[in-house]
Amino acid sequence: MKRRAGIKTKSKTPKKTKSAAEKKAAPVKSRAAKSAKPKSAVTKAPTTPTAALPDALDTLVKATAAALKLPLDPAWHGGVKFNLGLIMRMGALIDEFPLPDDAEPGPIFYA
Amino acid sequence: MRDIPASGGAPASAADIAAAVASGRATATSVIEATLAHIRERDPLLNSFTAVTEQRALRRAKAIDAARARREQLGPLAGVPFAVKNLFDIAGLTTLAGSKINRDNPAAKRDAALIERLEAAGAVLVGALNMGEYAYDFTGENVHDGASRNPHDLNRMSGGSSGGSGSSVGGGLVPLALGSDTNGSIRVPASLCGIFGLKPTYGRLSRARSFPFVASFDHLGPLARSVRDLTLAYDAMQGFDLDDPISPDEPIEPVMPLLDRGTKGLRIAVASGYFKCLNGETSAAVDRVASALGVNRDIDIPQAERARAAAFVITAAEGSSLHVVRLRKRAGDFASGTRDRLIAGALTPAHYVIKAQKFRGWYRDQVLKLFNEVDAIITPATPCTAPLLGQRMFKHGDAEIPVAGSLGLYTQPFSFIGLPAVVVPVPLDPLPMGVQIVAAPWREDVVLRLAHALEAKGVVAAKIPAV
Numbered sequence: 002m003k004r005r006a007g008i009k010t011k012s013k014t015p016k017k018t019k020s021a022a023e024k025k026a027a028p029v030k031s032r033a034a035k036s037a038k039p040k041s042a043v044t045k046a047p048t049t050p051t052a053a054l055p056d057a058l059d060t061l062v063k064a065t066a067a068a069l070k071l072p073l074d075p076a077w078h079g080g081v082k083f084n085l086g087l088i089m090r091m092g093a094l095i096d097e098f099p100l101p102d103d104a105e106p107g108p109i110f111y112a
Numbered sequence: 246m247r248d249i250p251a252s253g254g255a256p257a258s259a260a261d262i263a264a265a266v267a268s269g270r271a272t273a274t275s276v277i278e279a280t281l282a283h284i285r286e287r288d289p290l291l292n293s294f295t296a297v298t299e300q301r302a303l304r305r306a307k308a309i310d311a312a313r314a315r316r317e318q319l320g321p322l323a324g325v326p327f328a329v330k331n332l333f334d335i336a337g338l339t340t341l342a343g344s345k346i347n348r349d350n351p352a353a354k355r356d357a358a359l360i361e362r363l364e365a366a367g368a369v370l371v372g373a374l375n376m377g378e379y380a381y382d383f384t385g386e387n388v389h390d391g392a393s394r395n396p397h398d399l400n401r402m403s404g405g406s407s408g409g410s411g412s413s414v415g416g417g418l419v420p421l422a423l424g425s426d427t428n429g430s431i432r433v434p435a436s437l438c439g440i441f442g443l444k445p446t447y448g449r450l451s452r453a454r455s456f457p458f459v460a461s462f463d464h465l466g467p468l469a470r471s472v473r474d475l476t477l478a479y480d481a482m483q484g485f486d487l488d489d490p491i492s493p494d495e496p497i498e499p500v501m502p503l504l505d506r507g508t509k510g511l512r513i514a515v516a517s518g519y520f521k522c523l524n525g526e527t528s529a530a531v532d533r534v535a536s537a538l539g540v541n542r543d544i545d546i547p548q549a550e551r552a553r554a555a556a557f558v559i560t561a562a563e564g565s566s567l568h569v570v571r572l573r574k575r576a577g578d579f580a581s582g583t584r585d586r587l588i589a590g591a592l593t594p595a596h597y598v599i600k601a602q603k604f605r606g607w608y609r610d611q612v613l614k615l616f617n618e619v620d621a622i623i624t625p626a627t628p629c630t631a632p633l634l635g636q637r638m639f640k641h642g643d644a645e646i647p648v649a650g651s652l653g654l655y656t657q658p659f660s661f662i663g664l665p666a667v668v669v670p671v672p673l674d675p676l677p678m679g680v681q682i683v684a685a686p687w688r689e690d691v692v693l694r695l696a697h698a699l700e701a702k703g704v705v706a707a708k709i710p711a712v
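Sequence order for the protein chains is S and D. Just so we're aligned: 84 in the working numbering is position 83 of the first sequence, and the numbers increase by one with no gaps anywhere. Just so we're aligned: 557 in the working numbering is position 312 of the second sequence, and the numbers increase by one with no gaps anywhere.
Derived by calculation from the structure, the hints in this document are not laboratory data. Being a predicted model, the structure only gives us computed values, none of them experimental. Yeah, the Cβ is synthetic: ideal placement off N, Cα and C, and Gly gets one too. Be aware that one or more of the hints could be misleading.
Unchecked claim - Derived pair list, reagent style DSBU-like, types lysine-lysine, alpha-carbon separation capped at 35 Å: (1) K82(S) - K354(D); (2) K354(D) - K70(S); (3) K345(D) - K70(S); (4) K70(S) - K509(D).
Claimed, not checked - Rough simulated footprint, nothing fancy, chain S against chain D, three-plus residues with beta-carbon under 8 Å: (5) 257-271; (6) 470-478; (7) 599-606.
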């Protein structure tokens with residue numbers, strides 16, 4: 002059935018190195034073949050260069066909030082920095098994943 | 246209402262109410278009067294409603310009774326009371342979206358599209374429901390309206406952001422509620438409150454005249470105590486809507502006629518790796534469901550952790566962009582946690598957002614390939630049962646992780662690419678635990694058939710606690 006909604010992209014495969022998950026031969030396996038110890042769903046912070054250093058986060062919060070004319074009471078700084086740190090960690094996790102140059106972004110606008 | 250066909254004094258289902266009203270064994274007015282009394286009696290404990298539309302509901306019920314007296318054909322939801330998360334527009338009320346700031350907005354002039362469709366099928370709106378502020382929430386806590394409470398333990402979270410939807414249905418106040426789900430906001434409260442929740446395919450149900458959060462992930466859907474009720478509501482709400490730009494101009498695909506087809510021919514696997522259960526409750530719930538369905542294989546969802554990370558980044562940036570003007574003018578009127586998240590989101594580097602959207606396209610292609618192998622994938626719905634109100638951290642495997650950001654660990658990788666998913670309640674003791682069933686795009690029939698089969702086997706059930 003033809004559908005308009007949702008994201009539509011051509012099938013593309015990263016051309017660079019494969020991740021551990023991709024190296025698995027087949028995605029489907031017997032339930033009996035469980036790994037001995039399950040991995041946590043939460044990974045530690047990536048250590049790529051894109052994971053911002055604490056001081057850099059302080060600078061980023063202050064400078065960008067000022068540039069965007071967002072109010073930043075000093076009492077809020079710690080909470081904002083904590084949350085931006087989470088975003089940067091998540092961003093770094095995506096950043097280290099190789100994608101081809103012609104990878105299309107997800108959303109499509111329909112006029 | 247409890248004297249309408251029901252067993253053990255439990256509140257009636259939507260299907261039972263509609264049958265009773267259609268046959269004349271009950272009037273819509275008597276059903277709605279009993280529901281309103283029930284809400285008055287029990288909601289002070291649950292705190293699930295922010296407005297009760299009493300006069301409107303009674304007018305509507307009388308109109309249904311008058312239609313029956315004229316021998317007109319009644320809709321499939323005739324006389325069924327329902328309520329909606331307070332981000333749905335209700336004509337004459339201000340749409341709060343869980344906030345303090347929106348209280349200054351004018352009243353909505355027209356109902357949300359899904360309210361109109363449910364009422365066209367005979368259902369009766371009885372009120373607006375509590376929710377997490379601007380839907381940026383997995384807990385059901387709200388500093389402006391108070392927390393919606395878990396009906397199984399009033400000291401515990403309902404889950405969010407559709408907290409009042411979970412609490413009101415789980416607590417037996419209404420048989421049916423609507424919620425929104427951007428990253429898990431229908432599925433998380435369904436899991437914690439022990440009820441069924443459906444997040445349809447992205448674009449399936451119209452979002453017209455609802456307050457947005459993250460347009461590229463926002464879905465609306467029903468919560469109920471039975472799969473039949475969930476399906477009745479879902480079928481009634483389907484259909485193209487010019488007022489929602491992502492609504493596909495396609496014929497509706499009713500699921501009710503398919504519901505009893507059972508599980509024969511459906512290939513099912515349990516998600517492994519990232520979705521591996523890390524505590525007794527999730528393991529027990531997933532194992533019960535897998536065993537009942539005869540599932541004997543696992544499947545790996547490639548890069549699910551990165552999918553969750555990408556959803557997190559896009560949500561932060563897109564959600565914050567929606568609120569930048571309000572942050573500039575009225576930052577002090579947000580709850581502090583929401584404000585900090587939104588300001589941080591507004592500072593997100595564009596590179597991360599664009600990379601996340603590109604990853605989204607790649608990930609979607611990979612996951613869709615899995616549906617050549619299987620028809621449905623089973624995962625835990627949440628990483629734990631309902632946390633205590635105010636609880637900040639919980640144990641997840643060997644790690645302590647934050648409650649507020651982590652209840653959607655297992656839901657985010659699927660709403661990220663718009664797949665349909667239903668949450669089924671496994672009645673563990675002392676607290677229920679949800680299991681998520683996911684299918685390929687536009688295959689709501691698959692997840693609802695499986696949920697119905699599990700319900701028929703007695704493996705999953707929405708147990709109404711004595712509050």
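Consistency of the hints with the structure:
no.	hint	result
1	K82(S) - K354(D)	violated (40 Å)
2	K354(D) - K70(S)	holds (33 Å)
3	K345(D) - K70(S)	holds (22 Å)
4	K70(S) - K509(D)	violated (59 Å)
5	257-271	violated (count 0)
6	470-478	violated (count 0)
7	599-606	holds (count 8)
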